[in-house]
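A.B. asks: Protein sequence lines correspond, in order, to chains U and V.
Note that UniProt numbering numbers the first sequence so that position 143 is 143, with each residue one more than the last.
Note that UniProt numbering numbers the second sequence so that position 30 is 30, with each residue one more than the last.
Since the hints were made in silico from the structure, they are not lab data.
Some clues are possibly wrong.
Claimed, not checked - Taking beta-carbon pairs under 8 Å as the criterion, some of the chain V residues facing chain U (in silico): (1) P50; (2) G58; (3) A59; (4) I63; (5) G67; (6) C94; (7) S96; (8) S97; (9) G99; (10) D100; (11) Q157; (12) L209; (13) A213; (14) G217; (15) Q351.
In this text the structure is predicted, and so the values were computed from the model without any measurement.
The beta-carbon is built from N, C-alpha and C at its ideal position, and this holds for glycine as well.
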Amino acid sequence: MSRPRLIKESSAPLPLDRELLVRIHDLMVKTRVLEERLIQMYKQGHGYFWIGGPGEEAFNVPLGLLMKKGQGPEYDYLHAHYRQSGTLLALGEEPIGALRQMKNTASDPYSGGRNFAGHFSLRKYNVAPVSSPIEVQYSIAPGTAMVQKRVGGDGITIVTGGDAGTAEGDFATCLVWSSRPANPLPVLIIVTNNKWGISTAGEGQHGETRVSERGKAFNIRSKTINGNDPVEAYLELKEAMEYVRTERKPFLLEANVSRLYGHSSASGANYVTEEVDCLKDFEKRLEQDGVLTRQQMDDLRNRYTEDMAAAARIARDEPLPEPESIWKHIFAEDK
Amino acid sequence: MANMAQAIRMALHYAETHLGVTDIFGEDVGAPLGGVFTCTQGLKTTWNSPLDERGIIGAAMGIAMGGGRPVAEIQFCDYVYNTIDLLKLAGNTCWSSNGDWNLPMVVRTPVGSGIRGSIYHSHSFDATMTHIPGWKVVMPSNPLDAYGLLISACKEQNPVMYLEPKALLRVKGEERIPGEPDDDRTLSKLIDAPLGDRSQWKPQWPEALEAFAVPIGKGKLVREGSQVTVVSYGRTLPLCARAAATLADEGISVEVIDLRSLWPYDWDMMKASIQKTGRVLFVNEDTEVTNFGEHLVRRTVDELFYSLLAPPRLLAGKFVPGIGLADTLEMASVPQQNDVTTALRALAGEQP
Ligand SMILES: Cc1ncc(C[n+]2csc(CCOP(=O)(O)OP(=O)(O)O)c2C)c(N)n1
């Protein structure tokens, strides 16, 4: 698992098809522009709170592209956290949904105006509702994986969360439940390590050199990767997913990523210049390798910026949910 | 007649063979023990979980999301507290996803005093649980209802918290469960695991068991009366029924309601009774401050004030941090027979 990958040498040619590279880039730009629009909406008072994933596109986009997309245990489940708009867009979601959620309109497709931006829920693609309490998704993930293992097929469960959150017992729950020798589970356990809790640095949060090393104690195959490189992320995710899919065993993947706009609007949501910008780096390489020209990439960004502004105008004028709708969906009707 | 533990087991057997229950699990729920109270012996979908309550509730949620139908057990409700945020999450999943996701899952947990369980095996959970919207909450007081409520719970599209009064798990019912054999010893031979080695043992489930369902949200009029209403559930219900019988001899007519479902609850039944009698006592054994019965008192005052002949009363557990092991301590902490009878007698005699 630890053989070196040539992709780390920036002189080596990019080891993915041009079409795929262009697609990944397109989705990364779309995600970045969406997040910047969400931040702008928040700053203009068109939303109460922003949290999202600028800085994580290089990891989240490949994840969405590689998921086996559909509803039910034959397909992959995603127990996501709140920084994964890139994954959702890669699954095929339109950005206006996220804008509607930011504006908490009745048309918000993920929560009907009830939840924060970035708190997706999409049953048709097995995306479990994102919850504000961090890490609880790690306790829930073994459940879907158990069903998948029983049903057969190659559907897997993917769970993601932050590095600081691994201090919660739910993370241990996931390691324990997915690795019992009597019943190992097909779970891809992902930790995106941006080196921060909200304002508490990693050193103040946890002592292991790599979070992925916690897998060792459970005999879980694990790896730490550079989540700021979409090519590495794609190849490593593919390999890890194939392992979980065929072996029906867990895999712990730690991805080092950047947090480009701080924790959330609670910490200002301003661009952090010291962080590696995965999009800028990727564009440099695409240009160098002659995959795309600067002009093409600038055009793309401008086009998405215009699209997003238009979508935001639509969302802005849409009505809020009716007050009486608080009584809707407390319980599911018999189906 | 079957006792409550046997009734639960038979309902679970019915549910896993007819209602699509896929997983009955929790600490020591599977073989060889079949649950510390024997409620899950011999069932085919049981398995033992790690000793991790958060994992148990989380897994139940995940199994429900994946299309399974889990019945999870928390060994004692005292240990469900470290899952409280997951319970909240399970309760709000349908609402927060605007109806996109629903969780058909049942959580069973034994509650209350009566087995000399000391500080960490005697807790009540009704007030805490009824404070978490999105769940249905039930608590039977006899084996037939235990069976029927569990059948309903296993048909639900929503999370159901099924509270089992520990003190009543070994009490035999007065009514037979439809399909249960006529003779208790026969039943025991069929479905109770032998002591010692049970590796070769298999239960023989009564074949005639039926989908007898007690609808969630419907109370039971246990005894008609005209002067006082008493509303209870779980362990204290039989105390109320006995008190009513005693007071009948004194010429006091008590109407007894078994609430059975705490959420949603049968307000129509309570309302009709309170309007008839003008006096009501709510009885449970949870601690009395911010007690579920306090909600019922408030609603009674709000809606039925002008029908009342006396203030609505609550008889509940003392607001102390735990139930002490000594017999005297437990008896002093939660309502006993005498407390119920005395409270009802006093309420019946109270004049405006
Ligand atoms: C159980 C819980 N405790 C505290 C919080 C408040 N909170 C929100 S995000 C966060 C930091 C999370 O850091 P990390 O897990 O590293 O994820 P990141 O946001 O950096 O991606 C905290 C403390 C919360 N949402 N849930």
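A.B. asks: If any of the earlier hints don't hold here, list their numbers in rising order.
C.D. replies: 12, 13, 14 and 15
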